[in-house]
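Engineer: Listed below are the residues making up each chain.
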Amino acid sequence: MNYTFDFAPVFAAWPTLLEGIMGTLRMSSLSMVFGLGLGIIFMMMRMSGRPGLRTVAVGYIELIRNTPILVQVFFVFFGMPAIGIRLSGEQAAILAMTLNCAAYAAEIVRGGVQSIRPGQIEAGRALGMHTADIYRFIVFRPAIRAVYPALCSQFILLMLNSSLVSSVSAEELTYYAQTLDSQTFRSFEIYLTLGVIYLALSQVLSAVLSLIGRVYFSYPTK
Amino acid sequence: MDRSSMSDKTIEMIGVNKWFGPLHVLKDIDLTVARGEHIVLCGPSGSGKSTLIRCINHLEEIQKGAIFVNGTELGPQGNNADHIRRDVGMVFQQFNLFPHLTVLENCMLAQRRVRKTSVAEARDKAMRHLERVHIAEQAAKYPAQLSGGQQQRVAIARALCMDPQVMLFDEPTSALDPEMVKEVLDTMISLADDGITMICVTHEMGFARAVAHRVIFMDRGEIIESAAPEAFFSNPGHERTRAFLGQILNH
Chain C
5 MNYTFDFAPV FAAWPTLLEG IMGTLRMSSL SMVFGLGLGI IFMMMRMSGR PGLRTVAVGY
65 IELIRNTPIL VQVFFVFFGM PAIGIRLSGE QAAILAMTLN CAAYAAEIVR GGVQSIRPGQ
125 IEAGRALGMH TADIYRFIVF RPAIRAVYPA LCSQFILLML NSSLVSSVSA EELTYYAQTL
185 DSQTFRSFEI YLTLGVIYLA LSQVLSAVLS LIGRVYFSYP TK
Chain B
335 MDRSSMSDKT IEMIGVNKWF GPLHVLKDID LTVARGEHIV LCGPSGSGKS TLIRCINHLE
395 EIQKGAIFVN GTELGPQGNN ADHIRRDVGM VFQQFNLFPH LTVLENCMLA QRRVRKTSVA
455 EARDKAMRHL ERVHIAEQAA KYPAQLSGGQ QQRVAIARAL CMDPQVMLFD EPTSALDPEM
515 VKEVLDTMIS LADDGITMIC VTHEMGFARA VAHRVIFMDR GEIIESAAPE AFFSNPGHER
575 TRAFLGQILN H
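Respectively, the protein sequence lines represent chains C and B. Following my numbering, the numbering of the first sequence begins with 5 at its first residue and continues without gaps. Following my numbering, the numbering of the second sequence begins with 335 at its first residue and continues without gaps.
Think of the hints as simulated: they come from the structure by calculation, not from any bench. This one's a predicted model, so the numbers in the text were calculated from it and none came from an experiment. There may be inaccurate statements among the hints.
Stated by the list, open to error - Taking lysine-lysine pairs in the DSSO-like style, the calculated list, with each CA pair at most 30 Å apart, reads:
#1 B:459 / B:475
#2 B:459 / C:226
#3 C:226 / B:475
Claimed, not checked - Not close to chain C: a few residues of chain B, all C-beta gaps over 12 Å, as computed:
#4 400
#5 416
#6 504
Where is the CB? At the ideal position from N, CA and C, for every residue including glycine.
All chains, please: the whole structure from these sequences, using the hints.
Structural biologist: Spelled out as structure tokens, the structure:
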């Protein structure tokens, strides 16, 4: 082996990498927020009494969970211009990841809602509350709390999967790493560093999510 | 249909029938509850007594018959259910407090969302009712930090915050440790003394003697017997009532 390791070009490019990190965090956190919101809507459709809504939701969830995320990203970026929807790489990335995250979040949150004892909903009804208020004020928080660890894993997976959107020129971490690779040919050093950065990002995201969880779900249970 | 002008009936059930699938759980129930009346409903498990009171605020649907609360008809599909639930408070066996809200917030939520009461007003009323059940000092705690008896008293206060005209109690002391039963029964007795209409599903016969105007015995979905407590306990008219009383009083 006569390869000489040289990390200097990688470290020299730290402003580029930092920009990539910001891109990754920006796109994945927006997708998490939108994805959770949309996921809750699909979850409500999935659990509603109307067969039409249920079918749409089940169809959507199955479609997303049984196709590769890369195909979804390509479809949004390359496919949708055919029907007149032309998005930038970053817009397409956020849309595709939101749609992807929503399907998984819908199923996770549904598990949480189903874990709520019927007595909770009955108590809300007996107090004269409307269904929407019951879900918003009584069911939602304990339901999310029940599945929060699963939701966090899904969010971390989303952040890691965001490396795929480099393939539609969304300017995130992997995209910049590839650019750097084509300029310096330091592939080993670049992708090793990239892996370390993703590992660190996962750890940080995990810590932030668990902090949010501790604040939002601080109420005691038996 | 408005019947409120015709009498002081708070609740009227006429020919009420309910099935759970093939199981006929309520059979031709006729029951009239006068304003201020206290009724204790007892019977073996599976007799339909809980189901009966759960029909009054439409937690259960009925398949046949009619239910009126304060003259408003509760339709079989739950028409007017929201309206009726405002007049009817309910206390559950498992308390059903909201675990993520403090005691005070538990008592304020429905006032805010249903009655659209201001925060200050909702808080005042919640504190008044928490004082009434002697638990105001725990207002900032969460349900999981309270004993069963305390939780049930909070649940009573929460229901009272909606100014109900009728209170339904569904085995309110059955999930409690024995030493906590008394504090809840005392709270209920003091409510009764204040003249609120109540229907209570319970096997606490001491409570029945103390506050009930009428004790009703149900078995297999039917009302078997209905009498004032003295007559009910000393001279039950029906064999099944005697057998039941023999079982619950002989220990």
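Engineer: For every hint, state whether the structure bears it out.
Structural biologist: Against the structure, the hints:
1. B:459 / B:475: Cα-Cα ~18 Å, so holds.
2. B:459 / C:226: Within the cut-off at roughly 28 Å; holds.
3. C:226 / B:475: holds (13 Å)
4. 400: Holds, since 21 Å exceeds 12 Å.
5. 416: violated (6 Å)
6. 504: With a cut-off of 12 Å, residue 504 of chain B comes too close to chain C, as the shortest Cβ separation is near 10 Å.
Of the numbered hints given earlier, the model fails hints 5, 6; all others are met.
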